[in-house]
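There are 2 protein chains.
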Amino acid sequence: MATDIEIARAATLKPIVEIGASLGIPATHLVPYGHDKAKLSAGFLKSLADRPDGKLILVTAITPTSAGEGKTTTTVGLGDALNAIGKKASICIREASLGPCFGMKGGAAGGGYAQIVPMEDMNLHFTGDFHAVTSANNLLAAMIDNHIYWENTQNIDVRRIVWRRVADMNDRSLRQITTSLGGVSNGFPAETGFDITVASEVMAILCLSEDLTDLQKRLGDIIIAYRRDRSPVFCRDIGADGAMTVLLKNAMQPNLVQTLENNPAFVHGGPFANIAHGCNSVVATKAALKLSDYVVTEAGFGADLGAEKFFDIKCRKAGLTPDAAVVVATIRALKLNGGAAKDQLDQPDLARLTSGCANLGRHIENVKQFGVPVVVAINHFTSDSEEEIAAIKAYVEATGTEVVVCTHWADGSKGALELAEKVVTLANEGNSQFAPLYSDDLGLFDKIETIAKRIYRAEDVLADTKIRSQLDQWEQQGYGHLPICIAKTPYSFSADPELRGAPNGHSIPIREVRLSAGAGFIVVICGEIMTMPGLPSKPAALSIHLNEKGEIEGLF
Amino acid sequence: MATDIEIARAATLKPIVEIGASLGIPATHLVPYGHDKAKLSAGFLKSLADRPDGKLILVTAITPTSAGEGKTTTTVGLGDALNAIGKKASICIREASLGPCFGMKGGAAGGGYAQIVPMEDMNLHFTGDFHAVTSANNLLAAMIDNHIYWENTQNIDVRRIVWRRVADMNDRSLRQITTSLGGVSNGFPAETGFDITVASEVMAILCLSEDLTDLQKRLGDIIIAYRRDRSPVFCRDIGADGAMTVLLKNAMQPNLVQTLENNPAFVHGGPFANIAHGCNSVVATKAALKLSDYVVTEAGFGADLGAEKFFDIKCRKAGLTPDAAVVVATIRALKLNGGAAKDQLDQPDLARLTSGCANLGRHIENVKQFGVPVVVAINHFTSDSEEEIAAIKAYVEATGTEVVVCTHWADGSKGALELAEKVVTLANEGNSQFAPLYSDDLGLFDKIETIAKRIYRAEDVLADTKIRSQLDQWEQQGYGHLPICIAKTPYSFSADPELRGAPNGHSIPIREVRLSAGAGFIVVICGEIMTMPGLPSKPAALSIHLNEKGEIEGLF
Chain Y
16 MATDIEIARA ATLKPIVEIG ASLGIPATHL VPYGHDKAKL SAGFLKSLAD
66 RPDGKLILVT AITPTSAGEG KTTTTVGLGD ALNAIGKKAS ICIREASLGP
116 CFGMKGGAAG GGYAQIVPME DMNLHFTGDF HAVTSANNLL AAMIDNHIYW
166 ENTQNIDVRR IVWRRVADMN DRSLRQITTS LGGVSNGFPA ETGFDITVAS
216 EVMAILCLSE DLTDLQKRLG DIIIAYRRDR SPVFCRDIGA DGAMTVLLKN
266 AMQPNLVQTL ENNPAFVHGG PFANIAHGCN SVVATKAALK LSDYVVTEAG
316 FGADLGAEKF FDIKCRKAGL TPDAAVVVAT IRALKLNGGA AKDQLDQPDL
366 ARLTSGCANL GRHIENVKQF GVPVVVAINH FTSDSEEEIA AIKAYVEATG
416 TEVVVCTHWA DGSKGALELA EKVVTLANEG NSQFAPLYSD DLGLFDKIET
466 IAKRIYRAED VLADTKIRSQ LDQWEQQGYG HLPICIAKTP YSFSADPELR
516 GAPNGHSIPI REVRLSAGAG FIVVICGEIM TMPGLPSKPA ALSIHLNEKG
566 EIEGLF
Chain C
16 MATDIEIARA ATLKPIVEIG ASLGIPATHL VPYGHDKAKL SAGFLKSLAD
66 RPDGKLILVT AITPTSAGEG KTTTTVGLGD ALNAIGKKAS ICIREASLGP
116 CFGMKGGAAG GGYAQIVPME DMNLHFTGDF HAVTSANNLL AAMIDNHIYW
166 ENTQNIDVRR IVWRRVADMN DRSLRQITTS LGGVSNGFPA ETGFDITVAS
216 EVMAILCLSE DLTDLQKRLG DIIIAYRRDR SPVFCRDIGA DGAMTVLLKN
266 AMQPNLVQTL ENNPAFVHGG PFANIAHGCN SVVATKAALK LSDYVVTEAG
316 FGADLGAEKF FDIKCRKAGL TPDAAVVVAT IRALKLNGGA AKDQLDQPDL
366 ARLTSGCANL GRHIENVKQF GVPVVVAINH FTSDSEEEIA AIKAYVEATG
416 TEVVVCTHWA DGSKGALELA EKVVTLANEG NSQFAPLYSD DLGLFDKIET
466 IAKRIYRAED VLADTKIRSQ LDQWEQQGYG HLPICIAKTP YSFSADPELR
516 GAPNGHSIPI REVRLSAGAG FIVVICGEIM TMPGLPSKPA ALSIHLNEKG
566 EIEGLF
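Going down the list, the protein sequences come from chains Y and C. My numbering applies: residue 16 is where the first sequence begins, and numbers increase by one. My numbering applies: residue 16 is where the second sequence begins, and numbers increase by one.
Pulled out of the complex, with its shape left as it was, chain Y reads as follows:
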């Protein structure tokens, strides 16, 4: 079979104005970026307010493994299949980061015959949104240091600056640095560092803001530092929120592109799925709901982290009510979860598959806890045996859940028609009784315990006095109503990445808590979380180049 980039290059793209027209967007309200990408104008977004919303479908997955699940591929395949059966459907996914693109991760635009195009643009600068986030984040950093350099009228404690710089790059050397060396004219030496752009609170804010006014308010709410008396200094205290909003003005407008089958896809925003909520923007999702009868979107990592945050942070904050959820699984990944070795995945292994199914079962249960109807999509690989497919079907059906085998990677929409039909039925039965897992007014520690016990199935949450009193303090300061954003390994329900399957009785140790006051959530860090990746020994960048025809090679 052809590679992803060969398939993408062979696609016949329609002019983006035609894709927009299929959703009823006038060409004058599409701000073009090339002939095949466009942003929706701010004015057009406002004009949609009174329209009814379409159905919202979440695509989530089992616990991720190195075998891959194909969540984005399934999102794209389902979107194409919904269109193929005559429904007006849009796809909403996140934008890609440059860092992993030059490191080792595959492209973020789906794969095989279920891709969003132009894939080169998707994986490179796209419409510049991430660069705008980088600029806004780093303007704030420069203004903080500049404020201190001149008069420091806010009395910022130089040791307690919490705002870090970002770069859209995998660059381990920048994780921990000392700045302002070289004497008086360079400022006050300080220990700080860079995160990757997707880890910036500005990215989370962009993705949760309703409009530019809300964006500026949230940017102003960012806590940048503390004074000696431990009182917080906000972004607006040093007057950076206005200029940051100006830098993000265009980035707030959702991007419209298309699938290989010329169906509309909104690709907008890309917050990290650990220290942030890991979903595409609220603005894009809401616009898509106004413009389509079905909107297929995805959340980061497995359902324990991604779907939980989608429901408890994004849907709660934006007032979204999902109508159905698809849990994606592959037989290979379930075998890994059941204890198979990575080099044995091509061999049928019913015992390990059955054991690994517990992981899938747990995720199904979890999603149903939010009141959202579930269908399971088995993303088919050629190595899957008939017996294995039968076993997994039997397992899922025994949980009272429908299950479909999909071949969209090889077949495009034709491979996901049955999934599309099931999703339509599920969404239209009106059985969704969506509610977040916990109420706003529960205590912060109780919220953490609720997630840990009901979703991760942990025995307890370990937190020392310092962390508990920090949570108390935030409650007293008026942040008690915020939801929780847990940063934990995605490779296990527990905090131990080696503990696959469906563990029970483990403890979730809290290492650190952080207040993202602008984004509007409390980050609870359990274990080591990397916010600036490094490049591998043979980075993808070594093979990325232009061929003789001027086409890009080496993206995948």
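To be clear, the hints were calculated from the coordinates, so they are not data collected in a lab. Hints are not guaranteed to be accurate.
Pairs involving identical chains hold if they fit within one copy or between any two copies, as the list cannot separate such chains.
Lysine to aspartate or glutamate pairs mimicking DMTMM-like chemistry, simulated, CA-CA at most 20 angstroms apart [to be verified]:
| no. | residue 1 | residue 2 |
| --- | --- | --- |
| 1 | Lys232 | Glu568 |
| 2 | Lys232 | Glu563 |
| 3 | Lys61 | Glu225 |
| 4 | Lys553 | Glu166 |
Chain C: place on chain Y using the hints.
This is chain C only, laid out in the frame that chain Y set:
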């Protein structure tokens, strides 16, 4: 009078496809960025090769002062006036950096009624070219550190990495930093720093490259570090040139926008005018020459630095032959050059004006040394008295040079019609006998002396043995044919910024020499050169914001 942004906002922009059509560019070959900006497609650029070239007009200026000269304003006014008298004329200028925009510098899109629009976009992210340069520069930095982290097969001496990171931001805290702190997994601690993006050698390379093939070759030629045996390590030795080229693919395509009077302007590239050559891209200038009968372009700083580098670096390397030059002066700036106090510039002061005219006279002589015919444009201010205007006219005419008073800032093209007529006459007389100041085969130190003596009118060049032997070594290594790029204060012909007017007999002390092997020039640093600016105590960012209508305020 209205502010620049008010004038810009009130302008009636034509769709960029109409501007392109006026130059004969088919809409399919314009890659749109919004409705009023576009890039020229790579294929279209290639198709132009066999067309004849239009006339190339350089706009340069007297020694800059805080009073301002209006070089960009004159470039735009002249371009509009050429169109107004029926000529097919295009403008070529540099893109703007975000750093000064949030610091204290005015916008980079002209001013008054001689502006390029959309000015907000021009001064913010524009079409993303600078972000692409930042990404390519910093990918190389990350790949260098990653190469060392894993195996360091190139045996890079960690103490001798010369490649720095960049940010498009005024951020003094990043000038000197220590990276890779925090232990083994973060790499080898190193002293380094950030420059502003316009100071990146990648920016200079982008602006001097003929096409993507040339771009990749030059990127590969960058010297990134040295080994213990002092042999250079090139960018291509660690395999970064391919991925960098991919990141810069779109950035290599010139951007088309328009003036307030709907005439075409190519705005592309923006290398620093001190450690680089300070001109817009070769690709844009060449495309404009193929598409127009007259191309008006500008160079950075005063003619001693800007025009000299335009002639000796850009024109030499790209095979361009300028047909005429405009030297811009203002009466206010000449009075400052003649010793007037800054708060006295509104007062007529013939004595100081006459004294300051020596500065103008010197620049006229210098430009004529390159064989290029000169006309002087007096950029008119309302405070200029009739006597002062008469005095400056008399001075210039006595040098055998034509002089015109222009009011394009207040009047648009109508204020520069006479200048346009003179420029047309000058360019069509065919009197240009352009030649660079020195030949390729002159020794490197002799080249430096030639510029210092003939342009700066210095008595001598001071350089210690270390610098002279470095130059010798580069000659032995095959870099002796390169032109010189002098980084010196722009505020004086000398290396002392306080020495205004037309000083003689001074010494030019060389502090450092650097080899920009990819860009293809030797940088000679005379005095302190800042490659990362800081923000002022009241940065412009404090006033930049969106108003109730969602329009950008505070850019100027």
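Against the structure, the hints come out as follows:
Proximity of lysine 232 to glutamate 568 under the C-alpha cut-off of 20 angstroms is restricted to the inter-copy arrangement: shortest distance 17 angstroms between copies versus 42 angstroms within a copy. Within a single copy, lysine 232 and glutamate 563 get their C-alpha atoms only as close as 49 angstroms, which misses the 20 angstroms cut-off; across copies the closest is 14 angstroms, which meets it. Taking CA atoms no more than 20 angstroms apart as the test, lysine 61 paired with glutamate 225 passes inside one copy only; the shortest distance there is 11 angstroms, against 45 angstroms between copies. For a Cα distance limit of 20 angstroms, the shortest separation of lysine 553 from glutamate 166 across copies, 11 angstroms, qualifies, whereas the shortest one inside one copy, 47 angstroms, does not.
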